Each structure stands twice: as structure tokens, then as C-alpha cells.
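Undergrad: Sequence:
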Amino acid sequence: MPELPEVELTRRRLERELTGKIIDRVVVRAPKLRFPIPQELSVTLPGRTIRSVARRGKYLLFDCETGWLIVHLGMTGFLRLADGTTPPGKYDHLEIFFADGLVLRFHDPRKFGTVAWTTDDPAAHPLLAGIGPEPLTGTFDGSYLFDVTRTRRVAVKQMLMNAAIVAGVGNIYANEALFRAGIRPDRPASTLSRSECHRLALTVREVLQESIDQGSTYRVEEGTVAYHPLDFKVYGRGKETCAGCGGALEETRLGNRSTVFCPHCQS
DNA sequence: AGAATTACCTGAGCGC
DNA sequence: TGCGCTCAGGTAATTC
1 MPELPEVELT RRRLERELTG KIIDRVVVRA PKLRFPIPQE LSVTLPGRTI RSVARRGKYL
61 LFDCETGWLI VHLGMTGFLR LADGTTPPGK YDHLEIFFAD GLVLRFHDPR KFGTVAWTTD
121 DPAAHPLLAG IGPEPLTGTF DGSYLFDVTR TRRVAVKQML MNAAIVAGVG NIYANEALFR
181 AGIRPDRPAS TLSRSECHRL ALTVREVLQE SIDQGSTYRV EEGTVAYHPL DFKVYGRGKE
241 TCAGCGGALE ETRLGNRSTV FCPHCQS
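Be aware that the first sequence starts at 1, since it is given in full-length UniProt numbering, and climbs by one per residue.
Read the hints as simulated data drawn from the structure, not as lab findings. Please read these numbers as outputs of a predicted model, since none were measured by experiment. Careful: at least some of the hints might be erroneous.
[Stated by the list, open to error] Quick list of in silico lysine-lysine cross-link-like pairs, BS3-like style, CA-CA up to 25 Å:
| id | residue 1 | residue 2 |
| --- | --- | --- |
| 1 | Lys-90 | Lys-111 |
| 2 | Lys-239 | Lys-111 |
| 3 | Lys-90 | Lys-32 |
Given these sequences and hints, build the entire structure.
TA: What follows is the structure, given as C-alpha cells:
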């Protein structure tokens, strides 16, 4: 599933592939995902040029001159540039045809993704307005984390996955960052010390940045995994041993999300 | 205000 | 072969 690193890599690829392209025709092939896909896109977008591709959390933001196309890939979504003469697939919900004959297709079997449109500042859009600081920028640091956790008794892992606290940290990287920081995922957030908050803010940034750096060969094709399972220390390794101490990893559920940690290395 | 729960959706994997 | 079940899980909306 696309996590923040995959979304960022997608952003970089699409910025390279789409900037300057002129939209010719838009086909909305599914009436709704989590929300209705705006029908006005097929009227509004033709003739517009894509000026840039930005990202906020896991949302992709396409500058289309007169407004912004907002796309979230959900669990299973991806965007693929193809020859416009090829037929669309079963779960290609949105097609954006360009004047040069290529087509951008939004493919999402699970339909957890989102497509929205705004003519205002995208940061003010209801879907984006409440999102917390970007984890890869300076506004997310240990001091911020310390301040915001004082009144929260929820498990620190669930706190990390709350987009209002920090943008774009999903289940995989919440597990990984906590392991690297040596903090148990079930600790009430308010029990974190100042130094633990600094450590955690750092490891969140590290695991995300390293995944982006390792993703240079990332391709979006059918059947391609968008992340790097072998690099994970705990995620998906519930029945294995800890890479640090050799002890058994423990698998539990927090907020109905699979959670893996080392009871010896994390406290 | 913060926390917990629900809803959305379909493919993969499994036991029988 | 196929049926039914569970799981995967981002996040907005709803409820407590």
C-alpha cells in the first residue's frame, strides 16, 4: 500500500512526466470512490496545463492552472501513464487524456482512494485543512511531539498514525520508527519523556527518508510492490526474531492495526 | 477535547 | 472446484 515514501516517489515521477502536459479529455469511469469523483472534471480540466505536482501528507496535488486536482491513493491505488489507445482496466476509475496521446489512469481496486477538485488554496480544502506538520520538515520535531502528547493517553503508535498530529505516517512506518526509537508501541503517549520524543521524531523522519532514498528504482506497474519489505525490521515479521537482540518479536493489535515490536529492545 | 468505533471496498489466502 | 471466512488498512464521519 502506498505510504508516504511511495506517494513522494510518485509525486517526483509524475512531476517529471506530467509537467507541461495539456489535458485534452477526462473520463470519469466510476461514479464514486470514498466520495463522488467530481463530474465537473470532464468539463473543467480539458485545455488546462499541468504546472506542477505537490504533496501534502499522502495527498497528491496537481496544479491545473485554474484549480487543484487532489488525489489520495488509499490502500491500493496508483497512477499510471499509458498510451491513450490502450483500453482501460477494470479498476481504472479516472482517465486524463493528454494532447500528446498519453493517458493518466487512476487505478484502485479497493476504492479507498479519493479524487477531489478545488479552485481555492488546496491547503484550505476540508480534506487537508486539519492535517498536522509534514514529518520531513523542521516543524515536526521532538519539542512539538512532546507538547502535543502531554494530554493524550492513547497508545503512542496510534498517536503517530493520527494525521492531525503528523502527516502521512501509516502502519508500516509507525511500527518501524518505534522499533528504531526503542519505544513500545502501546505506551500511552503522555508517558513519553522529552528525550524520547526527540528520539521518536528523529526515527520517524529517518525511516521515511531512507525509504524514499532507497526507492530510486521504484516503478508503478501491475504487480510491483511499492515498498521494500525486506528492509523492515518489525513490520510483517511477527513470527520472526528481533534483528537487534535475537529474541522473539511480539505481535499484537492496536486500534485494530497489526503491531509488531520487540519486548526486549523496546520499553 | 480526546478517544473509540464504524464505514467504505475487494483480492488474497486459508480451511473445509 | 468453490464456498465462506478473515485479513489487509487510510481516514472521514460518527458516537461516546
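Undergrad: Of the numbered hints stated earlier in the document, which are not met by this structure?
TA: Structure breaks hint 2 only.
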